[in-house]
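S.K.: What follows is the residue order along each chain.
2 protein chains.
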Amino acid sequence: MKELREETIKVERIFTGKILTLDVETVKLLDGQIGTREVIHHPGAVAILPVDSTGEIFMVRQYRKALEQVLLEIPAGKLEPGEDPLECAKRELAEEIGKKAEKWTLLVSVWSAPGFADEKLYIYLAEGLSECFMAPDEDEFLQVEKYSVEKLQSLIRSGEVQDTKTVLALLAAGKISPLV
Amino acid sequence: MKELREETIKVERIFTGKILTLDVETVKLLDGQIGTREVIHHPGAVAILPVDSTGEIFMVRQYRKALEQVLLEIPAGKLEPGEDPLECAKRELAEEIGKKAEKWTLLVSVWSAPGFADEKLYIYLAEGLSECFMAPDEDEFLQVEKYSVEKLQSLIRSGEVQDTKTVLALLAAGKISPLV
Chain A
1442 MKELREETIK
1452 VERIFTGKIL
1462 TLDVETVKLL
1472 DGQIGTREVI
1482 HHPGAVAILP
1492 VDSTGEIFMV
1502 RQYRKALEQV
1512 LLEIPAGKLE
1522 PGEDPLECAK
1532 RELAEEIGKK
1542 AEKWTLLVSV
1552 WSAPGFADEK
1562 LYIYLAEGLS
1572 ECFMAPDEDE
1582 FLQVEKYSVE
1592 KLQSLIRSGE
1602 VQDTKTVLAL
1612 LAAGKISPLV
Chain B
1442 MKELREETIK
1452 VERIFTGKIL
1462 TLDVETVKLL
1472 DGQIGTREVI
1482 HHPGAVAILP
1492 VDSTGEIFMV
1502 RQYRKALEQV
1512 LLEIPAGKLE
1522 PGEDPLECAK
1532 RELAEEIGKK
1542 AEKWTLLVSV
1552 WSAPGFADEK
1562 LYIYLAEGLS
1572 ECFMAPDEDE
1582 FLQVEKYSVE
1592 KLQSLIRSGE
1602 VQDTKTVLAL
1612 LAAGKISPLV
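For the protein sequence lines, the chains are A and B, in the order given.
Numbering-wise (the working numbering), the first sequence opens with residue 1442 and increments by one.
Numbering-wise (the working numbering), the second sequence opens with residue 1442 and increments by one.
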């Protein structure tokens, strides 16, 4: 196999924020030319598909500043430094919808946007839900709602649900049918 | 329904690159406190699931600088300014694997990483493939490979394929089974 790796010549740190870090990397391309790559570093995240005893799904409605719009999504959150993804998923489920789960299944772990960011996303199925109080994150404001899978399938088909992790989780868990 | 919108107080443009733009936005949170949001602007992208007459899938193997690793993915690419997503998908299919398609179906359009970026991703199914030469992008170097859906299902289960758009496209098109 041809060597596809790009050699790094220089890394310029442009920004270090609360969540994101931005580097511009000067690289030697595979044809020997010099190019640049803009790279976002992200701590990684989890998403949870919480299914109740009747088969309904807990969702959160939340303002996404990057899109300037409210999205309907499954619960999710960023990893704290050194945090185990499953522990993070348990924490986020408690913080966002006030539940704990008896049964946790890792559906898939994926790179969210490998063209420009190193965010790894771990998606879990959470079953056997019960109440569990935990204070929400201080800068997070969301509404908890509950949906049947039939309703979610129709919201995805109509384009009212357009969040990648939500569509992926529902398909990966076999909760909704393929979209063709 | 409670108003979930966060009022923007100030937008600071941190970086304008070839592909990404980074803003730090000062916002009034829903409890009246002041917070900041780190927002990446991205032109949007397309991904294509190209299925040949035997049911096999064309994939590309490509170095992803953000991850410092080679990923196996379906063909994909960024929108040019003002470009129609379907035209972009046709261009990328030609540039990356040298094919055109008779039949195009939009599987789903989704926000890739709404927590920090405004990238919208349009995922198409491409069928009825035939040869079509087009020069590749000058800073893109990739290897074209072809896989059965059974092999891709096993590569996803083993974690060797971890690209979100690839897993989502295969599930959305009903080419692979749920992952539970």
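Derived by calculation from the structure, the hints in this document are not laboratory data.
Fair warning: there could be bad hints in the mix.
[Said to hold, decoys possible] Straight-line C-alpha distance at most 27 Å; calculated DSSO-like pairs for lysine-lysine:
| # | chain 1 | residue 1 | chain 2 | residue 2 |
| --- | --- | --- | --- | --- |
| 1 | A | LYS1459 | B | LYS1616 |
| 2 | B | LYS1544 | B | LYS1587 |
| 3 | A | LYS1519 | B | LYS1616 |
| 4 | B | LYS1544 | A | LYS1561 |
| 5 | A | LYS1451 | B | LYS1459 |
| 6 | A | LYS1544 | B | LYS1519 |
| 7 | B | LYS1469 | A | LYS1469 |
| 8 | B | LYS1544 | A | LYS1519 |
| 9 | A | LYS1469 | B | LYS1592 |
| 10 | B | LYS1459 | A | LYS1616 |
| 11 | B | LYS1587 | A | LYS1592 |
| 12 | B | LYS1451 | A | LYS1519 |
| 13 | B | LYS1561 | B | LYS1451 |
| 14 | B | LYS1469 | A | LYS1451 |
| 15 | B | LYS1451 | A | LYS1459 |
| 16 | A | LYS1587 | B | LYS1561 |
| 17 | A | LYS1459 | B | LYS1592 |
| 18 | B | LYS1541 | A | LYS1561 |
[Stated by the list, open to error] To be clear about the criterion: a stretch of chain B counts as covered by chain A if any three or more of its residues have a C-beta under 8 Å from a C-beta of chain A, and this derived list gives those stretches:
| # | stretch |
| --- | --- |
| 19 | 1450 to 1459 |
| 20 | 1501 to 1512 |
| 21 | 1531 to 1543 |
Every residue, glycine too, gets a C-beta built ideally from N, C-alpha and C.
S.K.: Now tell me if each hint is right for this structure.
M.R.: Hint-by-hint comparison with the structure:
no., hint, in the structure
1, LYS1459/A - LYS1616/B, "violated (40 Å)"
2, LYS1544/B - LYS1587/B, "holds (19 Å)"
3, LYS1519/A - LYS1616/B, "violated (31 Å)"
4, LYS1544/B - LYS1561/A, "violated (33 Å)"
5, LYS1451/A - LYS1459/B, "holds (17 Å)"
6, LYS1544/A - LYS1519/B, "violated (39 Å)"
7, LYS1469/B - LYS1469/A, "violated (43 Å)"
8, LYS1544/B - LYS1519/A, "violated (39 Å)"
9, LYS1469/A - LYS1592/B, "violated (33 Å)"
10, LYS1459/B - LYS1616/A, "violated (40 Å)"
11, LYS1587/B - LYS1592/A, "violated (36 Å)"
12, LYS1451/B - LYS1519/A, "holds (25 Å)"
13, LYS1561/B - LYS1451/B, "holds (24 Å)"
14, LYS1469/B - LYS1451/A, "violated (38 Å)"
15, LYS1451/B - LYS1459/A, "holds (17 Å)"
16, LYS1587/A - LYS1561/B, "holds (26 Å)"
17, LYS1459/A - LYS1592/B, "violated (40 Å)"
18, LYS1541/B - LYS1561/A, "violated (32 Å)"
19, 1450 to 1459, "holds (count 4)"
20, 1501 to 1512, "holds (count 9)"
21, 1531 to 1543, "violated (count 0)"
The earlier numbered hints that this structure contradicts are 1, 3, 4, 6, 7, 8, 9, 10, 11, 14, 17, 18 and 21.
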